[in-house]
Amino acid sequence: MYDFAYHRPKSLADAVATLKGKEEARPMSGGMTLIPTLKQRLAKPSDVVDLGGIAELAGIKVAGDVVTIGAMTKHYDVSVSPDVKKIIPALADLAGHIGDPAVRNRGTMGGSVANSDPAADYPAAVVALNATITTNTGKHPADGFFKGLFETALKDGELITAISFPKPEKAAYMKFPNPASRYAMVGVFVAKTKDGVRVAVTGAGSAVFRVKAMEDALSKNFTSAAIKDIKIPATDLNSDIHGSAEYRAHLVGVMARRAVDAANK
Amino acid sequence: MTAGTGIGARVPRREDKRFLTGTGRYVDDLPLARATYAYFLRSPHAHAKIKTIDTTAAKAMPGVVEIFTGKDTAESKMGGLICGWVVKDKNGEPHKAPAHPVMALDTVRYVGDTVAMVVANSIDEAKDAAEAIKVDYDVKPANVDLAHALDKGAPEVHPEAPGNLIYDWEIGVKADVEAAFAKAAHVTKLDIVNNRLIPNAMEPRAAAAEYDKGTGNYTLWSTSQNPHVLRLILSAFVLGIPEHKLRVVAPDVGGGFGSKIFCYNEETMVCWAASRVGRPIKWTAERSESFMTDAHGRDHVTHAELAMDKEGKFLALKVETIANMGAYLSTFSTAVPTYLYATLLAGQYTTPLIYANVKAAVTHTAPVDAYRGAGRPEATFVIESIVSKAAVEMKMDTADLRRKNFIPTEAFPYQTPVALQYDSGNYPPIIDEAIKISDYKGFEARRAEAKSRGKLRGIGFSSYIEACGLAPSNVVGSLGAGVGQWESAQIKFNPTGNVQVMTGAHSHGQGHETTFAQLIHDKLGVPMDQIEIVHGDTATTPFGMGTYGSRSLAVGGSAIMKATDKIIAKGKKVAAHLMEADVADVEFENGTFKVAGTDKSVPLGQVVFAAYVPHNYPLAEVEPGMDENAFYDPANFVYPSGTQICEVEIDPETGEVEVIAHTAVDDFGNIINPMIVEGQVHGGIVQGVGQALMEAAVYDKTTGQLTSGSYMDYTMPRADNFPSFKLGYKTTPCPHNPLGVKGCGEAGAIAAPAAVMNAVRDALAPLGIKHVEMPATSLNIWQTIQGAHRAAA
Numbered sequence: 000m001y002d003f004a005y006h007r008p009k010s011l012a013d014a015v016a017t018l019k020g021k022e023e024a025r026p027m028s029g030g031m032t033l034i035p036t037l038k039q040r041l042a043k044p045s046d047v048v049d050l051g052g053i054a055e056l057a058g059i060k061v062a063g064d065v066v067t068i069g070a071m072t073k074h075y076d077v078s079v080s081p082d083v084k085k086i087i088p089a090l091a092d093l094a095g096h097i098g099d100p101a102v103r104n105r106g107t108m109g110g111s112v113a114n115s116d117p118a119a120d121y122p123a124a125v126v127a128l129n130a131t132i133t134t135n136t137g138k139h140p141a142d143g144f145f146k147g148l149f150e151t152a153l154k155d156g157e158l159i160t161a162i163s164f165p166k167p168e169k170a171a172y173m174k175f176p177n178p179a180s181r182y183a184m185v186g187v188f189v190a191k192t193k194d195g196v197r198v199a200v201t202g203a204g205s206a207v208f209r210v211k212a213m214e215d216a217l218s219k220n221f222t223s224a225a226i227k228d229i230k231i232p233a234t235d236l237n238s239d240i241h242g243s244a245e246y247r248a249h250l251v252g253v254m255a256r257r258a259v260d261a262a263n264k
Numbered sequence: 000m001t002a003g004t005g006i007g008a009r010v011p012r013r014e015d016k017r018f019l020t021g022t023g024r025y026v027d028d029l030p031l032a033r034a035t036y037a038y039f040l041r042s043p044h045a046h047a048k049i050k051t052i053d054t055t056a057a058k059a060m061p062g063v064v065e066i067f068t069g070k071d072t073a074e075s076k077m078g079g080l081i082c083g084w085v086v087k088d089k090n091g092e093p094h095k096a097p098a099h100p101v102m103a104l105d106t107v108r109y110v111g112d113t114v115a116m117v118v119a120n121s122i123d124e125a126k127d128a129a130e131a132i133k134v135d136y137d138v139k140p141a142n143v144d145l146a147h148a149l150d151k152g153a154p155e156v157h158p159e160a161p162g163n164l165i166y167d168w169e170i171g172v173k174a175d176v177e178a179a180f181a182k183a184a185h186v187t188k189l190d191i192v193n194n195r196l197i198p199n200a201m202e203p204r205a206a207a208a209e210y211d212k213g214t215g216n217y218t219l220w221s222t223s224q225n226p227h228v229l230r231l232i233l234s235a236f237v238l239g240i241p242e243h244k245l246r247v248v249a250p251d252v253g254g255g256f257g258s259k260i261f262c263y264n265e266e267t268m269v270c271w272a273a274s275r276v277g278r279p280i281k282w283t284a285e286r287s288e289s290f291m292t293d294a295h296g297r298d299h300v301t302h303a304e305l306a307m308d309k310e311g312k313f314l315a316l317k318v319e320t321i322a323n324m325g326a327y328l329s330t331f332s333t334a335v336p337t338y339l340y341a342t343l344l345a346g347q348y349t350t351p352l353i354y355a356n357v358k359a360a361v362t363h364t365a366p367v368d369a370y371r372g373a374g375r376p377e378a379t380f381v382i383e384s385i386v387s388k389a390a391v392e393m394k395m396d397t398a399d400l401r402r403k404n405f406i407p408t409e410a411f412p413y414q415t416p417v418a419l420q421y422d423s424g425n426y427p428p429i430i431d432e433a434i435k436i437s438d439y440k441g442f443e444a445r446r447a448e449a450k451s452r453g454k455l456r457g458i459g460f461s462s463y464i465e466a467c468g469l470a471p472s473n474v475v476g477s478l479g480a481g482v483g484q485w486e487s488a489q490i491k492f493n494p495t496g497n498v499q500v501m502t503g504a505h506s507h508g509q510g511h512e513t514t515f516a517q518l519i520h521d522k523l524g525v526p527m528d529q530i531e532i533v534h535g536d537t538a539t540t541p542f543g544m545g546t547y548g549s550r551s552l553a554v555g556g557s558a559i560m561k562a563t564d565k566i567i568a569k570g571k572k573v574a575a576h577l578m579e580a581d582v583a584d585v586e587f588e589n590g591t592f593k594v595a596g597t598d599k600s601v602p603l604g605q606v607v608f609a610a611y612v613p614h615n616y617p618l619a620e621v622e623p624g625m626d627e628n629a630f631y632d633p634a635n636f637v638y639p640s641g642t643q644i645c646e647v648e649i650d651p652e653t654g655e656v657e658v659i660a661h662t663a664v665d666d667f668g669n670i671i672n673p674m675i676v677e678g679q680v681h682g683g684i685v686q687g688v689g690q691a692l693m694e695a696a697v698y699d700k701t702t703g704q705l706t707s708g709s710y711m712d713y714t715m716p717r718a719d720n721f722p723s724f725k726l727g728y729k730t731t732p733c734p735h736n737p738l739g740v741k742g743c744g745e746a747g748a749i750a751a752p753a754a755v756m757n758a759v760r761d762a763l764a765p766l767g768i769k770h771v772e773m774p775a776t777s778l779n780i781w782q783t784i785q786g787a788h789r790a791a792a
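In order, the protein sequences belong to chains A and B. Under numbering that gives the first Met the number 0, think of the first position of the first sequence as 0, with each following residue one higher. Under numbering that gives the first Met the number 0, think of the first position of the second sequence as 0, with each following residue one higher.
Just so you know, the hints here were simulated from the structure itself, not pulled from any lab data. Any given hint could turn out to be false.
The calculated lysine-lysine pairs, modelled on BS3-like cross-linking and capped at a C-alpha distance of 30 Å, are [unchecked claim]:
id : chain 1 : residue 1 : chain 2 : residue 2
1  : A       : Lys227    : B       : Lys454
2  : A       : Lys38     : B       : Lys133
3  : B       : Lys450    : A       : Lys227
4  : A       : Lys154    : A       : Lys219
5  : B       : Lys454    : A       : Lys169
6  : A       : Lys43     : B       : Lys450
7  : B       : Lys48     : B       : Lys76
8  : B       : Lys173    : B       : Lys76
9  : A       : Lys19     : A       : Lys211
10 : B       : Lys700    : B       : Lys133
11 : B       : Lys309    : A       : Lys264
12 : A       : Lys230    : B       : Lys769
13 : B       : Lys440    : B       : Lys454
14 : A       : Lys264    : B       : Lys599
15 : B       : Lys58     : A       : Lys38
16 : B       : Lys89     : B       : Lys188
17 : A       : Lys43     : B       : Lys126
18 : A       : Lys84     : A       : Lys38
19 : A       : Lys230    : B       : Lys491
20 : A       : Lys43     : B       : Lys58
21 : A       : Lys230    : B       : Lys450
22 : B       : Lys435    : B       : Lys450
23 : A       : Lys21     : B       : Lys173
24 : B       : Lys126    : A       : Lys38
25 : A       : Lys38     : B       : Lys700
Produce the entire structure from the sequences given, and follow the hints as far as they go.
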């Protein structure tokens, strides 16, 4: 890796101040994407600001029917949290299947959401559960937050502090992993709330997206049979040696149906 | 199970403690004072002319010690890397041997080809400098697609190999085979691809070298499977450093699978440059470099036809194969698709006539060479795929068709039509045992049950033959090998009775430190904790050929047994003197010399001590010391055999294939350590299933970029991809080596791909699907099913 200045602030305010004015500085949460990128010399930041020392950013809180998860909360902690398991078991289940044990014990929810990797799992949960993303400067609704490949609504110097998930009536996540990397080649999060049904797809496109046709059908009839004839167009879907766009489009249907069945169990 | 720690006992691996506690010593662990670090600048293009290389700015970078390019190596009169096996074309001409410069001169021929070597005080400084080297490339079209590599007009890789053809080789009499086909009642035809693999040893390749200015001696530490052979190549062909001035050490090595047999350019350069920079140099490949530059495996395109009479008796087999050599001929590349492939095409069967034609092609891809099984998996895959296809076409049970054509047990030794003479074998009990273990008879009920869950279940057989422990030396020499195929051993007792056993074989995961110690313990009665197995250092071990081709126990173990015979023979003379008896009356048993029919005895330890402190000793007839050497050149290959049965389930909605059960019954001859053998079989099956379902080295057909160049895209098999394997053994001891042993290291990888793919094809047969290529990834299966639906519509 290239040389850089390393900072480990103790507070959010310090982190924001350290990043300020440094155009080539990068915040680092779990580092599960950034560190391999640095090691391969694919990034050359002037400064790396490690958010791992900021105690106020980690932890899970419950207020009524809303679970609020600190940005620096590790996947493992989400997966075993009694509160998350009780209120949104689908989210705990998703967290327990991210990467491998090493990744789950380093990677954080805020890092994953801020990175908007097209194959990351959490963005599907954030969008399907209609979560709210809180940052040091304000709040973002889930819709519109993920703008594209590694691109979000976050502004320069804006850091995610927490993500709040309302409790769904029913929800489930089904992932078809890339056989090599085990990232989601297609992951579908289906959530039924009092406001309707949301279907969010990760892995298949340049960023997480919703499937309106499925949401409409499931809002009327929350069974897998209701969406069995809905075809997803392959246009604009990702294609690589493990999955053509057509195959991904097909898998979105299969994973969505399986997610609905799982949510109904 | 055999009790204790002798032959046949499940002795835990003695070496595992250091491997598992992080106290192993690998090349990269070497503490070398004043060490420098090498980084190799590699070609980003599959095929390009190098117009200029400008290192001026890079040489001025901080920490840079020296930068070398192909121009420097050419000026030093260094030899090129060699291919050590001369295969003769069908018209008798030796194969085309394009130059293989240690560093690219004016052309780069694959992504990863070496353009410059930077030596610096740290690896980061070396990388910084490499980024500052300016290379002006003139990019040319690349020849990447093997099926069309020999087509007229394909981009030429080497001017010395017109049309990209290295050899057009054949075995068998084509006219006789054609005549048999003309009379056949049925002919089964098969077009099949053997997918290219990347070895992925856990430890990447590494090299470190030091030059001692005072003595003029070089030491090269390398992740080599065969340090003496590496030294021989470097001394005699490449660097010209005399053998006695070059020490090659292969310390703990973390896996090889064949990829660390060969002499590579990086270790050559590290050794060469160490004297020029006057400081030690270290280099360890990064994983991306391993993907790009370790010699890859397999990569065949084959057409095969099997002729049968109306009862299904095999009459003749013909096989046409194009084998990929990659951009340069690696050390043993030419032998793999010829003498390690076509000579195995009889398999377990009496097929009386076989003709094979193999065309070796160069392409703009990484060199291809031996990889676990080396030629034999490719042969087994062709035979066992076409036999299973024939059974479907003939409407015969797949096991019955195999049995009908097995070489009868009474026919051994059996001369095949493709040069090899099988020494021993007994195939019917093996397939019977595999059928029993796998409950083949209950399969249709399991298929029906799976169908009720929406799954497609299939079962597949693979009955393999392997030839390992290449031998004898004069025969392999007549076939073009550049080296002998014997092995060496030295048993050196110390005065206090403990013993060092030097072997020319090399352990890089095989467990020799345990297995070989069991031999010594069993034969000489020395406790296990007083036996040290020494390997991997040309300064301390006798010249040896190293470890590959499942040879170490059959050849190296036999050398150890020969040396123990010499120890016992000498010990008897000393013991006879000590016991005042006639040598002819002295017997040796359980570590003790005895006079037959008396209660006189003397333990081996006392005899050893007498040999080193020869105060009461027959000095007139016997030399002091207890230190014996042996070299063993086998009379023949050894021929392990076996049958694997794989059962899979396919999810037709997603195309996912799950291995539900996998049975392997093997005949490895006598077994020294059943636990280590099980480990070898497990690992082999995993590699074979990996090839069948997951692994593929994919190059972009236009640009020649390695698309599967990291674990993000190259699917390594993982533990959760597998059920527990069901193993069984049948034993036919090898008749020509002193231990009666065969080889077990490659069997799993040889047999598994065909078993898995036959199971996949069987599962898909109800959809009218007749053929699926490896790897049977979910994408591949889904697309195949879509194709069948379209065809049916």
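Problem - Given hint Lys454(B) paired with Lys227(A) - CA-CA distance at most 30 Å - result: Holds, at roughly 19 Å.
Practice task
Please work out if Lys43(A) and Lys58(B) have their alpha carbons no farther apart than 30 Å.
Solution key: Roughly 22 Å separates the two Cα atoms, so the pair holds.
Practice task
Verify the proposed pairing of Lys89(B) with Lys188(B), using a straight-line Cα cut of 30 Å.
Solution key: Satisfied, since the Cα-Cα distance of roughly 24 Å is no more than 30 Å.
Practice task
Given the hint that Lys230(A) pairs with Lys450(B), test it: the Cα-Cα distance must not exceed 30 Å.
Solution key: The hint holds at about 26 Å.
Exercise for the section: Given the hint that Lys454(B) pairs with Lys169(A), test it: the Cα-Cα distance must not exceed 30 Å. Expected result: holds, 28 Å
Handout entry: Given pair status - Lys769(B), Lys230(A), alpha carbons within 30 Å
Key = holds, 29 Å
Practice task
Verify the proposed pairing of Lys154(A) with Lys219(A), using a straight-line Cα cut of 30 Å.
Solution key: violated, 38 Å
Practice task
Below or equal to 30 Å on CA atoms is what counts here, so check Lys43(A) against Lys126(B).
Solution key: Measuring from Cα to Cα gives roughly 14 Å; hence the hint holds.
Problem - Hint consistency between Lys309(B) and Lys264(A) [alpha-carbon to alpha-carbon, up to 30 Å] - result: Violated - the C-alpha atoms of Lys264(A) and Lys309(B) are around 56 Å apart, more than 30 Å.
Exercise for the section: Would you check the hint for Lys84(A) and Lys38(A), treating anything up to 30 Å between C-alpha atoms as holding? Expected result: Violated. Lys84(A) to Lys38(A) sits at ~36 Å, over the 30 Å cutoff.
Exercise for the section: Given the hint that Lys38(A) pairs with Lys133(B), test it: the Cα-Cα distance must not exceed 30 Å. Expected result: holds, 22 Å
Practice task
For the pair supplied as a hint, Lys126(B) and Lys38(A), confirm whether the alpha-carbon distance does not exceed 30 Å.
Solution key: holds, 12 Å
Against the hints set out earlier in the document, violations occur for numbers 4, 6, 8, 9, 11, 14, 18, 19, 23.
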